[in-house]
Amino acid sequence: QSDSSEDQKKPKKIVRIVLRKPNGDEIVDDFFIDPQTIPKDVDRIVKERIKKKFPEIKDLDTRIICKVIDLKPGHEEKTEEFETDMESAKKNLEDAIKHAPKSKTIKRKDRFGKIMTKIFRRKPDGKETIEEFVEDFKQTGKDIGDDIFAQQDKFRTEMPELIPHKQLDAKKPRKIIRVIIQNPNGDESVEDVIVDSKTNPKDVDGILKDLLRKKLPEIKEPNSKIIAKVIDLKPGEEETTEEFETDPNSARKNLEDAIKKAPKTKTSKKKDSLGKIIIKIFKRKPDGKETIEEFVEDSKQTGKDIGDETMGKTFGFRIISS
1 QSDSSEDQKK PKKIVRIVLR KPNGDEIVDD FFIDPQTIPK DVDRIVKERI
51 KKKFPEIKDL DTRIICKVID LKPGHEEKTE EFETDMESAK KNLEDAIKHA
101 PKSKTIKRKD RFGKIMTKIF RRKPDGKETI EEFVEDFKQT GKDIGDDIFA
151 QQDKFRTEMP ELIPHKQLDA KKPRKIIRVI IQNPNGDESV EDVIVDSKTN
201 PKDVDGILKD LLRKKLPEIK EPNSKIIAKV IDLKPGEEET TEEFETDPNS
251 ARKNLEDAIK KAPKTKTSKK KDSLGKIIIK IFKRKPDGKE TIEEFVEDSK
301 QTGKDIGDET MGKTFGFRII SS
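Quick note on full-length UniProt numbering: the sequence shown kicks off at 1 and runs consecutively.
Don't read these hints as lab results, they were simulated from the structure. A portion of the hints provided could be inaccurate.
[Claimed, not checked] No farther apart than 25 Å at their CA atoms in a straight line, the calculated lysine to any residue pairs in the SDA-like style are these:
1) LYS285 <-> ASN223
2) LYS260 <-> SER224
3) LYS202 <-> ASP34
4) LYS72 <-> ARG49
5) LYS52 <-> LEU212
6) LYS266 <-> ASP305
7) LYS104 <-> GLU48
8) LYS78 <-> ILE17
9) LYS271 <-> MET311
10) LYS53 <-> ASP41
11) LYS123 <-> ASN223
12) LYS285 <-> ILE259
13) LYS220 <-> ASP41
14) LYS52 <-> LYS266
15) LYS175 <-> ALA258
16) LYS285 <-> ASP305
The whole structure should be built from the sequences, with the hints applied where relevant.
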């Protein structure tokens with residue numbers, strides 16, 4: 001069985017933002033987060049995803065539909081949903097969400113395999129209505145979760161799934177987006193986002209910038225350093241790290257420009273035929289000049305294998321949005 005069909009059976013939590021234009025056209029943006037993400041973090045992610053869509057909306061009559069979907073494909077689906085308008089959301093997003101009509105849909109199978117669907121609708125005045133109906137999956141050919149995946153396939157705007165360290169095989173390849181805030185006194189905070197190792201560079205770039213924007217309000221000390229790393233890791237075999245460093249003032253002023261002008265470093269670690277770790281460090285300055293350093297480590301002497309240092313520095317890890 002293929003990995004993709006196996007993935008479709010795993011429990012998922014999806015934050016889905018639908019922009020419905022007056023002519024009926026829809027733009028759908030899905031964001032996958034860890035199924036164990038706490039409600040407070042889900043709420044923050046929802047708001048960040050909506051704010052991120054604002055620049056794409058030209059027509060103020062566009063409707064914003066937000067769904068948080070807890071899915072166990074073929075077993076159970078819970079969807080919490082609200083709808084608001086562009087004007088209200090831009091004016092005061094917290095207020096718009098608070099006053100938006102809410103609905104919750106639960107789909108479960110009974111002992112005969114039929115799908116029981118309950119829809120709870122809650123109005124701003126607190127009144128609630130309940131609708132209930134039954135679907136026979138043998139007649140419709142649609143199982144729990146099929147509608148969710150069908151909409152993904154139609155729009156193909158799925159973002160890479162975020163995965164916590166604890167759910168990963170220690171030897172499994174991974175791509176880590178790491179942001180380190182280094183205070184003048186030497187204290188550091190480290191935040192990691194782990195994405196699928198095949199995530200394309202454009203999506204990695206977007207996630208990194210969103211993570212940096214999220215961290216900026218937390219930095220109180222202007223002399224702090226921001227260190228960003230994108231790490232491609234095959235534990236025990238190979239590690240490639242692309243890194244840059246900037247400061248909060250430059251990043252707040254113009255993040256794109258700060259990243260562009262920041263000195264860049266690329267470090268590669270590979271084992272030679274004797275099992276020793278060959279480390280190459282490529283440093284690139286803003287003027288384009290590059291230097292290369294190379295040295296060797298013996299893991300038998302140091303006791304550290306490729307990836308040990310990276311995975312050992314994961315204090316402060318949280319599942320966050322892109």
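Now for the hints, and whether the structure bears them out:
Taken as a hint, the LYS285 and ASN223 pair is honoured in the structure, with Cα atoms around 21 Å apart against an allowance of 25 Å. With a C-alpha separation of about 19 Å, the suggested pairing of LYS260 with SER224 holds against the 25 Å cut-off. Between the alpha carbons of LYS202 and ASP34 the distance comes to roughly 22 Å, so the proposed pair stays at or under 25 Å and holds. Simply put, LYS72 and ARG49 have alpha-carbon atoms about 23 Å apart, close enough for the 25 Å limit, and the pair holds.
Distance restraint check for LYS52 and LEU212: the Cα-Cα separation of roughly 14 Å lies within the 25 Å cut-off, and the hinted pair is therefore satisfied. With a C-alpha separation of about 19 Å, the suggested pairing of LYS266 with ASP305 holds against the 25 Å cut-off. Pair hint LYS104 plus GLU48 holds up; C-alpha atoms about 21 Å apart against a cutoff of 25 Å. For the suggested pair LYS78 and ILE17, the alpha carbons sit about 16 Å apart, so the restraint of at most 25 Å is met.
For the given pair, LYS271 sits about 18 Å from MET311 by alpha-carbon distance, which is consistent with the 25 Å threshold. Distance restraint check for LYS53 and ASP41: the Cα-Cα separation of roughly 19 Å lies within the 25 Å cut-off, and the hinted pair is therefore satisfied. Between the alpha carbons of LYS123 and ASN223 the distance comes to roughly 48 Å, so the proposed pair goes past 25 Å and is violated. Distance restraint check for LYS285 and ILE259: the Cα-Cα separation of roughly 12 Å lies within the 25 Å cut-off, and the hinted pair is therefore satisfied.
Straight-line distance between C-alpha atoms of LYS220 and ASP41 comes to about 22 Å, which keeps the hinted pair within the 25 Å bound. This hinted pair does not check out: LYS52 and LYS266 have alpha carbons roughly 30 Å apart, beyond 25 Å. Between LYS175 and ALA258, the direct Cα distance comes to roughly 23 Å. Compliance with the 25 Å bound is thereby established for this hinted pair. Proximity of LYS285 to ASP305 is assessed by CA-CA distance (about 29 Å); at most 25 Å being required, the pair is judged violated.
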